[in-house]
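If you read the sequences in order, they're chains X and F. Here the numbering used here is used: position 36 in the first sequence is 36, and no number is missing along the way. Here the numbering used here is used: position 158 in the second sequence is 158, and no number is missing along the way.
Take the hints with a grain of salt, since some may be wrong.
Unchecked claim - Straight-line C-alpha distance at most 20 angstroms; calculated SDA-like pairs for lysine to any residue:
1. X:Lys72 / F:Ala40
2. X:Lys72 / F:Val149
3. X:Lys72 / F:Asp71
Claimed, not checked - Among chain F residues calculated to face chain X with C-beta under 7 angstroms, some are:
4. Gly57
5. Thr60
6. Arg137
These are computed hints drawn from the structure, not numbers from a lab. The beta carbon of each residue, even a glycine, is placed where N, CA and C say it ideally should be.
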Amino acid sequence: MKAFLFHLRSSGQRRVIPPLTVLGVAVLFLRNRYWIGSWPETGAAAQVTAFFLSAITAGTSAWASGATRRHKLDEQLSGGAINPVRAEAFRVSSSIVLLLSPYLICQAIAFAFTLPEFPPGVTLWLGYVVMGLVVLLLSCAWGWLLGRYLSPIFAAMCAFLSWTIFIATVGVNLGLVTVSGEVWLTPNTLGLGLRLLVALLLLSVLTWALSSANRPLSAAVAVIVAAAGMGLTVMGTHGVVVRSRPAKLLCDSGAINLCLWPEHKKYLAAVRATNERVAELPNSFKLPSTMYEYGIADNISVDGDDVVVVEDPNPSAQIPTFELPEGSRWGLAMDISRAIISENLMQCHIANLPENDLRAFAVEAFLEVTLAGGGKPDYSSSESEQMAEAWKEGSVAASNSGPGRFDWAIRTLAKYKSDYCAG
Amino acid sequence: MRTLTLFAKARHWWITLAVVIGLAGLTAWLGTFQATLPSASSQSGSVVPVWRLLAMGVGTLPVLSLHSPLDTLEMTGGERLRSTQTTYLIISAIASSAIYLTIISSAIGSSTTMVIGRSLPGWIGLALLSGRVLGWRLAWVAPAAAACVLIYWGGRGPDIYVWWEFSARPYVDLAALNVSLALLLVGAVAYWITPWRLSILPMRSVLKLLSLGKR
Numbered sequence: 001m002k003a004f005l006f007h008l009r010s011s012g013q014r015r016v017i018p019p020l021t022v023l024g025v026a027v028l029f030l031r032n033r034y035w036i037g038s039w040p041e042t043g044a045a046a047q048v049t050a051f052f053l054s055a056i057t058a059g060t061s062a063w064a065s066g067a068t069r070r071h072k073l074d075e076q077l078s079g080g081a082i083n084p085v086r087a088e089a090f091r092v093s094s095s096i097v098l099l100l101s102p103y104l105i106c107q108a109i110a111f112a113f114t115l116p117e118f119p120p121g122v123t124l125w126l127g128y129v130v131m132g133l134v135v136l137l138l139s140c141a142w143g144w145l146l147g148r149y150l151s152p153i154f155a156a157m158c159a160f161l162s163w164t165i166f167i168a169t170v171g172v173n174l175g176l177v178t179v180s181g182e183v184w185l186t187p188n189t190l191g192l193g194l195r196l197l198v199a200l201l202l203l204s205v206l207t208w209a210l211s212s213a214n215r216p217l218s219a220a221v222a223v224i225v226a227a228a229g230m231g232l233t234v235m236g237t238h239g240v241v242v243r244s245r246p247a248k249l250l251c252d253s254g255a256i257n258l259c260l261w262p263e264h265k266k267y268l269a270a271v272r273a274t275n276e277r278v279a280e281l282p283n284s285f286k287l288p289s290t291m292y293e294y295g296i297a298d299n300i301s302v303d304g305d306d307v308v309v310v311e312d313p314n315p316s317a318q319i320p321t322f323e324l325p326e327g328s329r330w331g332l333a334m335d336i337s338r339a340i341i342s343e344n345l346m347q348c349h350i351a352n353l354p355e356n357d358l359r360a361f362a363v364e365a366f367l368e369v370t371l372a373g374g375g376k377p378d379y380s381s382s383e384s385e386q387m388a389e390a391w392k393e394g395s396v397a398a399s400n401s402g403p404g405r406f407d408w409a410i411r412t413l414a415k416y417k418s419d420y421c422a423g
Numbered sequence: 001m002r003t004l005t006l007f008a009k010a011r012h013w014w015i016t017l018a019v020v021i022g023l024a025g026l027t028a029w030l031g032t033f034q035a036t037l038p039s040a041s042s043q044s045g046s047v048v049p050v051w052r053l054l055a056m057g058v059g060t061l062p063v064l065s066l067h068s069p070l071d072t073l074e075m076t077g078g079e080r081l082r083s084t085q086t087t088y089l090i091i092s093a094i095a096s097s098a099i100y101l102t103i104i105s106s107a108i109g110s111s112t113t114m115v116i117g118r119s120l121p122g123w124i125g126l127a128l129l130s131g132r133v134l135g136w137r138l139a140w141v142a143p144a145a146a147a148c149v150l151i152y153w154g155g156r157g158p159d160i161y162v163w164w165e166f167s168a169r170p171y172v173d174l175a176a177l178n179v180s181l182a183l184l185l186v187g188a189v190a191y192w193i194t195p196w197r198l199s200i201l202p203m204r205s206v207l208k209l210l211s212l213g214k215r
């Protein structure tokens, strides 16, 4: 223990902790704050810091690993009385402890900010913590390996670049990291626990291999087998899985019965306000009876990093869904307006609706602006010029106030239905 | 010339050349691959082409290669060593950039090549700043930190970047060119401030201030 504490105190990597912590906190807070108050989003937001910290950790780890070669101490260490594996283990473990500290500090800060919502859903946060830990451990291992064999001048930069490219391309697709913590997804506890164990095993094998100078072939084989095991574990497990439907939904029983995930309790007031605007719509607009937040209806699955919607053989029985991207009222309004238009065009055959007639889309835009409470949307889209014009027409009509403000929308939709829909 | 040759040999210039060619090959092969990275402006992340990361590496290499096992001794070197070092740095930076841009131009297109060419002075400047403060071997630190900042906060949507995003804005953008050249200037100033200049400069300022109060 004394030797381990000595390594911690004397390691140059201590100086890295403050700037890495500042970077992590900046990544956490200098963005939208919608993660505060929702455990899965909190965990995922703090896990994002692991993405950037792991890249610099790989470089720092490579720099630390090459220290003995830099200072020409290989010969002294190999002739020393201490078991070389033990000496290497002290160096590796002290490096890991120091380089994990900024990430754990960021997670602790994120936890503190979401504490008022404790404990329901806190296991979702914990899963994302483990996800970030796995990434950091693997980056340490990669950097340590490169630092041992590459030139001390280029090793750190090569480790930083190679790790960043790996995690950004392969890592995201394999579910090693996630860029957002959707509420309908949950960290796969078993899979992440297994990944953590195998990552620790990989580090142990690497520590033994790098200090076994007289058994290079066995060491190389051991590292390759351990790395292959890690690869198979990552490919064979999912980082996140789809959550099962909660036993109790959080619903606002207004004009439409809008049901949310319980973890989105903080958005209930915004949902209620939108529902009150729905209630002000004239009776000529048919409303869906119920809408679920995306994911509640059990019709999605995860394949790698992609979320796949399972086709329902009976589409008319499907309950329409809505999303709340970062609590956006515009996202909610868009989905509700789309559901209202679908409900009103239920008798129409899709094949009879011409693509170049965008009147229904214009009415949908009218409803969206009305239900969002006016203003400018908080999203950007790359739609066609015709669609942009139709959207503008609907939004301008929605800006009218007074008793006849819905007349344009009612008239346009009724004419559209009479042109293309039977009955 | 002989001094320069010895200087370059001591720094294993061929390794730098090999790494530049390797990065150029990697850029030509994978450069246009789109990676999904976290972004402050979008919950679903932003799409970043891999060439943006690899260009940072090429800009850092000439400065990294300034390191030598006698770097502490070299800090006390005289004018001849300094001028040789500066000549080596300029030649290696220009040669690395030229070789890299030539190799990648046919693979990733001329407009992207020009964007990378515009960003290289900025990366070199950041590497010089980092190398002067932390040592030439750690010249990658400031470019790495800057890359994290640019990736996370530099984007505002698909192909929309803030004015200081010098590594991704269109090649005709003047603001990005100014930022890149400003970073090179900062790096050049940091390189110019040798340890003895650093110790003398504040003293001169203090002496000047003191002389104002003298009779």
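query = Do the numbers back the hint for F:Thr60, that is, is its least Cβ distance to chain X under 7 angstroms?
reply = Holds. Min distance 6 angstroms.
ask   = Has the given pair, X:Lys72 with F:Asp71, been kept, meaning a C-alpha gap of at most 20 angstroms?
value = Measuring from Cα to Cα gives roughly 15 angstroms; hence the hint holds.
message = The hint names F:Arg137 as touching chain X; please verify it with the least Cβ-Cβ distance against 7 angstroms.
response = It holds, given that the least Cβ distance between F:Arg137 and chain X is near 6 angstroms, below 7 angstroms.
message = Given the hinted pair X:Lys72 and F:Val149, is their Cα-Cα distance within 20 angstroms?
response = violated (35 angstroms)
ask   = Would the pair X:Lys72 and F:Ala40 pass a check requiring their Cα atoms to be no farther apart than 20 angstroms?
value = Violated - the C-alpha atoms of F:Ala40 and X:Lys72 are around 43 angstroms apart, more than 20 angstroms.
query = Should the interface hint for F:Gly57 be scored as holding, given a Cβ-Cβ cut-off of 7 angstroms against chain X?
reply = holds (5 angstroms)
Violation of the numbered hints given earlier is confined to hints 1, 2; the remaining hints are satisfied by the structure.
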